[in-house]
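Residue numbers (our numbering), protein chains in the order written: chain A, 1006 to 1428; chain B, 245 to 564.
You may find that some hints are simply not true.
List time: in silico EDC-like cross-link candidates among lysine to aspartate or glutamate, alpha-carbon distance up to 16 Å [stated by the list, open to error]:
| # | chain 1 | residue 1 | chain 2 | residue 2 |
| --- | --- | --- | --- | --- |
| 1 | A | Lys1169 | A | Asp1297 |
| 2 | B | Lys395 | A | Glu1257 |
| 3 | A | Lys1184 | B | Asp399 |
| 4 | B | Lys320 | A | Glu1427 |
| 5 | A | Lys1157 | A | Asp1287 |
Don't read these hints as lab results, they were simulated from the structure.
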Amino acid sequence: MALRNKKVSTVALGVLGAGLLATPALAQDSKTITIATHYNQDQMAPLLECFDAYEAQNPGIKIEFQQASYGDFLPTILTARIGGTSPDIYNIYSIWAPQLVASGALATPPAEVQEFISANYSEGAVDAARLDGTIWGIPTELSVYQLLYNKKLLADAGYDAPPKTWAELAEIAAAVTEKNAQGNITTGGYVYGPSVANAVHPFYSQMYAEGTAPFNEDLTATNFTSPAAIKILERQGRLFADGSTALSSTVEDFPAGRAGMAIMANWNKQGLKEAFGDNFEDTVGVAPIPHDEGDGGTMLYSFYWAVDSTSDVTDESWALLNWLNTAQDGADLSCTGHMLDELGALSGNTADLSAMDTSDAFTTPFVEAIVSGTAKSQPNIWQASENDRILRGYIEQVWAGQMSAEDALAAADAEITAILAEQ
Amino acid sequence: MTDRTDPSAMPATPAPRVFDEDPVRPTLGQRISSKKVAPWLFMAPVIAFGLIFFILPIFYAAFISLTRWNSLTPPKFVGLANYKYLLTIDPRFWDTFWNTAYFAAGSLAIGIPIAMILAYAFTRAWGQAFWRSIYWLPMITNVVAVAYIWKFLLDDSFGLINQALGFLGLPGPGWLTNPDIAMLSTILVFVWMQLGHNMLLFSAGLASIDDSYYEAARLDGANETQVFLRITVPLLKPTILFVLITNFITGLSYFTLMLVLTQGGPLGKTTVTALYMYDMAFADLRMGRASAAAYILFFFILIVTIIQLRIFRRGGVDAH
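Generate coordinates for the entire structure from the input sequences, incorporating the hints supplied.
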């Protein structure tokens, strides 16, 4: 028995020793690329298959996927960086870039990658990834805002077409609105929402539609005190004052068929399809954002692949990203494009976008806005999240009738301009 | 003094070895198990835990509060600029501070009397354990679930509460959307969450009151109200003050419910300082300013707690 134990020990030591000796050799041969996204495992399924294919083609490369929810994504990146465990590749929201770039967190893409992006991505997508003249990553998902309306509710109220101007919108919203005996809205004519983006993004989109950018060209000051901006917010406040909307009536009511109109992004398509089922096309309509002046337009925001500056596999990461964003083996879509297509999302990659089936009535207006360039990218301003939250606070004051649009936007302008001056 | 290691200094006739022999050096095991060392060894994990996760962060936060730091680049020393900004420039900090005070004071004013009365009633009711379990349930329910349930209940148009009010022909307020009452609604939900915990503390306090006091009072002709006000409340004072202090501290630093239930709205009326700090740190990446806000809140809690402890000593423990 003792002899047997000794033998076992000898074999175990031998295996351990061999393992220890082999480990450095394996570590030298194999490189691991860690990719972090806010997409979950199910949403990432097409990309995970691509990771396996890439590993098979490149035996020295191992790819690991990390997921963090959208709300926790930035803190997760920061914590990982502090702990020295940063992922090599991130899928970041474009407005996070100014702080990440200023602190040296992002690696500058090689010239050939920048050329690849310039040549293969739409203008709005490239603008979203550009900061101080440098393109910092490969655009992925684009979200564009348009006016969504419930065709049936509008028809029941006697309107067979969506509004083209804000005056028309106010008239239709008043006609669609229904209230219960307690005076609470049961069907909102027009709705906003509880999040910062639910107020700020429609406001920016309306500014673009009226032909005025929310910020000046070098992003050091706002255009909030412009007559166009003040008029937009005044009209929003009037919808609340008229009782055509309320804080309790939100975009969450739209899939429930209890909201007439809202400015919403294309990524809502899947949720709305699930909510309305076979009635989706007969119920949900998409139209350009109503405007009185200018040529019309809207806002888009973008995510993009970026590489961490502390990564020790920078070249391998850019090579992988290049592969993931180029259609392989005669496929119509790149790996990233395939994943976005499965999600019902739109790609900034022009080849992917043209290969996607975007001919349905819901998607076409969004694609047209991207292709025509009328969808302008959300400005990559300094401290965007903080500024957006400040603006949301002042917009709410106007909705509640506690401030005039002029005063609220002047106050927002003063606070935000002071923050922009910090950079 | 005799050098005991020098053989020449040894006395001719050896003295009894019991007293002058080299003391036996304790082994490592004996040292570890000695009364001097063992307690520290047993406490070492807790001390290490406290140092790493409490003491170190407190001092580190104090340092960070004097810097501008976005957690991506090295902190830049700015002195008291963060404190100055929060106390004199920030248009929102004081609003969040008063929201915090309102929430903490409101949850005490509403929650403690209800918990005390219910605990008193259940000490005289059948099935005390059952009722305690029922009222304790919100404490073991996840705050996210609590928030979602109450969101549905308090919905303006379709919430059960407004439906019931409508059935009675009463108006249905915007519980979570009216800026004037959103904080009150939040306080009521928090009181509901904390009720079981406070009831349990009061029940323990009530159980420690000797029945002879009640018997004597009733023999003297006291009715139930007089017994409650003259016997129960005074003898329950230490428990009341303990519940006051712990609930007030909890109320001042609490923000999870607001984060899930109202996201600080409407119009920032339910944004408490802790929630504001959370946004400052993790959405705005202003770690220095958030740390300064944490220290301001810390000193406020410290002052209030010291005042409460003084009252506690005078009127509470010392009085009994």
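Okay, the hints, checked on the actual structure:
A hinted pair counts as satisfied when its Cα atoms are at most 16 Å apart, and A:Lys1169 with A:Asp1297 qualifies at roughly 8 Å. Between B:Lys395 and A:Glu1257, the direct Cα distance comes to roughly 13 Å. Compliance with the 16 Å bound is thereby established for this hinted pair. A threshold of 16 Å between alpha carbons decides the hint, and for A:Lys1184 with B:Asp399 the separation of about 14 Å falls inside it, so the pair holds. Between B:Lys320 and A:Glu1427 the alpha-carbon distance is near 14 Å, which keeps this suggested pair within the 16 Å criterion.
As the CA atoms of A:Lys1157 and A:Asp1287 are separated by approximately 8 Å, the hinted pair is consistent with the 16 Å bound.
This entry satisfies every hint, going by the numbered hints stated previously.
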